[in-house]
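For this one, chain F is given, so just place chain W on it according to the hints.
One letter stands for each residue in the lines below.
Protein chains: 2
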Amino acid sequence: MSEYLSIAVDAMGGDFGPRITVPACINLLKHHSFLQLQLAGDLAELESLLAHVPQSLRQRIHVHHTLSVVSMHDKPSHALRHRRDSSMFKAVELVQQGVAAACVSAGNTGALMALGCSLLGTLPGIDRPAIISAIPTQKGHCFLLDLGANVNCTAEQLLQFALMGSAMVSAVEDNPSPRIGLLNIGIEEIKGNDLVRQAARLIQAHSGLNYIGYVEGGEVFSDRADVIVCDGFTGNIALKSNEGLARLIAEKLRKSFTRNLYRRLLGLLAQPVLKELQQQIDPGRRNGASLLGLQGVVVKSHGGAGQSHFEAALNQAVTDACLNIPARITAQLQQQLSGSGD
Amino acid sequence: MSEYLSIAVDAMGGDFGPRITVPACINLLKHHSFLQLQLAGDLAELESLLAHVPQSLRQRIHVHHTLSVVSMHDKPSHALRHRRDSSMFKAVELVQQGVAAACVSAGNTGALMALGCSLLGTLPGIDRPAIISAIPTQKGHCFLLDLGANVNCTAEQLLQFALMGSAMVSAVEDNPSPRIGLLNIGIEEIKGNDLVRQAARLIQAHSGLNYIGYVEGGEVFSDRADVIVCDGFTGNIALKSNEGLARLIAEKLRKSFTRNLYRRLLGLLAQPVLKELQQQIDPGRRNGASLLGLQGVVVKSHGGAGQSHFEAALNQAVTDACLNIPARITAQLQQQLSGSGD
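The listed protein sequences correspond, in order, to chains F and W. Residues 248 to 589, numbered by our numbering, are exactly what the first sequence covers, in order. Residues 248 to 589, numbered by our numbering, are exactly what the second sequence covers, in order.
So here's chain F without its partners, still in its complex pose (with noise of 0.2 Å):
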């Protein structure tokens, strides 16, 4: 066996694929020594992009020729059952033949979950697997599940993903306990829609569960809780209106500094800081999102990613692997469960 750490990745998925998904695996590769690549994609053109690539890092790159794309508007079901000679379908097709460590795709989202689920299948206990990922509060970060793989949840799924999220920060931060918070519209006990409620209550009787309650939206952000649980469709509108906000005030800022010639000398001057600020909001910067309960690592990227972001994702997925997130996961829920409270 090679002593590579091997990842595959879906080339041609994204707004922009290989464009951007290749020069991002060059850059990778020249990070980390360790690393091995399998691109699935069209061969001639990503033969082309990689024609110019130094041989000592091209022989750490192996292309899977593929013939199709799944498409942002195809429906999950469609890409199982009539994509799987696509780029995306031999990313996770290459985790599940134990080929690569991991795989990543910036492709459609709910085809990515229905072939995790299909090809690797979720994790003893796990109905459906949860998109995780973390965003920054005032202290550092907290991480939140989940964004979008599932717009149905019952309250027996956030349950799981509370579970999915105790256990992913309990193992990856070294944080025996970590705080759960539910979102909610409010932190009274009678807020909020049946589910919600249903929910809090299960969670709440879970034993292995250090659960803090309620967490309102304005909350997201101030460190009351380690993992937030929330159903796909809330978590989704959240995290890509605050991602818009980012933007938003960015671009005002931007403007703001060059208003005027003696605006664009204080913007020259406060560079610094508010590149250091971009950063810290930046929600691109975490982009890389672990589809958490399935039995191998996929991470899913922005769609829109850019080279660099692109990139967080590939490093995220690394991360995933490095510490076989799936694995410890298993252990903490087989543990979680043993002490479960019912």
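Source of the hints: derived by calculation from the structure; they are not laboratory data. Please note that the accuracy of each hint is not assured.
Here's a subset of chain F near chain W, in silico, CB distances under 8 Å, partners left out [as the list claims (entries may be wrong)]:
| hint | residue |
| --- | --- |
| 1 | H320 |
| 2 | L430 |
| 3 | N440 |
| 4 | G460 |
| 5 | G464 |
| 6 | D470 |
| 7 | R471 |
| 8 | N483 |
| 9 | L486 |
| 10 | L492 |
| 11 | L495 |
| 12 | K499 |
| 13 | L500 |
| 14 | A517 |
| 15 | V520 |
Each pair of labels, with its calculated beta carbon distance range [claimed, not checked]:
| hint | chain 1 | residue 1 | chain 2 | residue 2 | range |
| --- | --- | --- | --- | --- | --- |
| 16 | F | H388 | W | R506 | 17 to 25 Å |
| 17 | F | G551 | W | H312 | 41 to 49 Å |
| 18 | F | K277 | W | D374 | 54 to 62 Å |
| 19 | W | R448 | F | R448 | 28 to 36 Å |
| 20 | W | D374 | F | N399 | 19 to 27 Å |
| 21 | W | Q525 | F | R266 | 36 to 44 Å |
| 22 | F | D374 | W | P519 | 52 to 60 Å |
| 23 | F | P301 | W | E498 | 42 to 50 Å |
| 24 | W | E420 | F | G345 | 55 to 63 Å |
| 25 | W | P519 | F | A452 | 51 to 59 Å |
Just so you know, even glycine gets a beta-carbon here, dropped at the ideal spot from N, CA and C.
Only chain W this time, still in chain F's reference frame:
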């Protein structure tokens, strides 16, 4: 009849009660000589805060003594039955009785909704009111509803929100054909949950509406739509998390500009720019969300609003009352219903 425009105020509502509401009221009166305020609350407490107010202002303030306060933990049904002697009840009742042209409360949203529905009633064709507020965008602002009045919505309700939002914007902004978007986790037709897809069909089929399709969370701030419709759970979480992010960014900016002496100096120079930005993105600046769909003007302030933000909510009530928004919506609804594509 008095020539003054009269606004009723739940002086006891919100996290800070009369300490905040009374100074905000006094300030409002200073700015608007045509205004009269009806303060509902504890007589002794209000009188003590009004003791040193100049007679010229004091004579435009009427105090209505009430015995109780709706708490943030009261269920709406409880408030309806057992808080008929509360400041919130009184404020809404003053609108019902025609004593005031609008009312404002920073108290329990669910209770305010319930009292509004019960005392004022909904407009013809409207099942439940929705909370609407303006949010900043790249070029100006757009309106988002519902922001938390309805945690469980039907597709028909989302259609009603679209109709009300469209009517309000066309009335207030002199925009004959406001662009209506439906908040969803993707712009492709297959995206979203059953509720959203069903609502899309209803809104699309309505010839009185300028429906532009799904709007993603990330597009909320990008001027794609004039009115964005969503259920109250999603809207509340999105709005509040955006407010939380805006606070986080403001806090990080402040810290960045105070790290060392050089940066402090830079921060001092950049103060006007930062202040301008703060005002542009401060969600509190637009504090004051209208409960659209009631037969009367009811404005909800943030519970945690400070004096200037509560004053913004009062101003919102003044605007809605001056424009007689409920009557305009009714007229628009009738026109839209008669021009419906059904």
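Evaluation of the provided hints:
Nearest Cβ of chain W to the Cβ of H320 (chain F): about 5 Å, under the 8 Å cut. The hint holds. With 8 Å as the threshold, the beta carbon of L430 (chain F) comes within range of chain W, its nearest partner Cβ sitting at about 6 Å, so the hint holds. Because the smallest distance between the Cβ of N440 (chain F) and any Cβ of chain W comes to about 4 Å, under 8 Å, the interface hint for this residue holds. Taking 8 Å as the C-beta cut-off, the interface hint given for G460 (chain F) is violated, the closest approach to chain W being about 14 Å.
Because the beta carbon of G464 (chain F) sits about 3 Å from the nearest beta carbon in chain W, less than 8 Å, this interface hint is met. The restraint placing D470 (chain F) at the interface with chain W is violated, with a minimum CB-CB distance near 10 Å, outside the 8 Å limit. For the restraint placing R471 (chain F) at the interface with chain W, the shortest Cβ-Cβ distance is roughly 10 Å, beyond the 8 Å limit, so the hint is violated. Evaluation of the N483 (chain F) hint against chain W yields a held restraint, the C-beta minimum of about 4 Å falling below 8 Å.
Checking L486 (chain F) against chain W by beta carbon gives a least distance of about 7 Å; that is within 8 Å, so the hint holds. The beta carbon of L492 (chain F) comes within 5 Å of a beta carbon in chain W, closer than 8 Å, and the hint placing it at the interface holds. Restraint check, L495 (chain F) versus chain W: the minimum CB separation of about 4 Å is within 8 Å; hint holds. Look at K499 (chain F): its Cβ gets to within about 6 Å of chain W, closer than 8 Å, so that hint holds up.
Among the interface hints, the one on L500 (chain F) holds; its C-beta lies about 6 Å from the nearest C-beta in chain W, closer than the 8 Å criterion. Nearest Cβ of chain W to the Cβ of A517 (chain F): about 6 Å, under the 8 Å cut. The hint holds. The restraint placing V520 (chain F) at the interface with chain W holds, with a minimum CB-CB distance near 5 Å, inside the 8 Å limit. Taking 17 to 25 Å as the suggested C-beta distance range, the pair H388 (chain F) and R506 (chain W) conforms, at roughly 20 Å.
Distance hint for G551 (chain F) and H312 (chain W): a CB-CB separation of about 58 Å, inconsistent with the stated range 41 to 49 Å. Hint check: K277 (chain F) to D374 (chain W), Cβ distance near 60 Å, so the stated range 54 to 62 Å holds. Separated by about 35 Å at the C-beta atoms, R448 (chain W) and R448 (chain F) satisfy the suggested range of 28 to 36 Å. Restraint check, D374 (chain W) to N399 (chain F): a C-beta distance of roughly 23 Å satisfies the suggested window 19 to 27 Å.
Judged by the Cβ atoms, the range 36 to 44 Å given for Q525 (chain W) and R266 (chain F) holds: they are separated by roughly 38 Å. Look at D374 (chain F) against P519 (chain W): about 54 Å separates their beta carbons, and that is inside 52 to 60 Å. Remark: the range hint 42 to 50 Å for P301 (chain F) to E498 (chain W) is upheld by a beta-carbon distance near 45 Å. In this structure the supplied range 55 to 63 Å holds for E420 (chain W) paired with G345 (chain F), their Cβ-Cβ distance being about 60 Å.
Our hint of 51 to 59 Å for P519 (chain W) and A452 (chain F) holds, since their Cβ atoms are close to 54 Å apart.
Hint violations for this structure: numbers 4, 6, 7, 17, all remaining hints satisfied.
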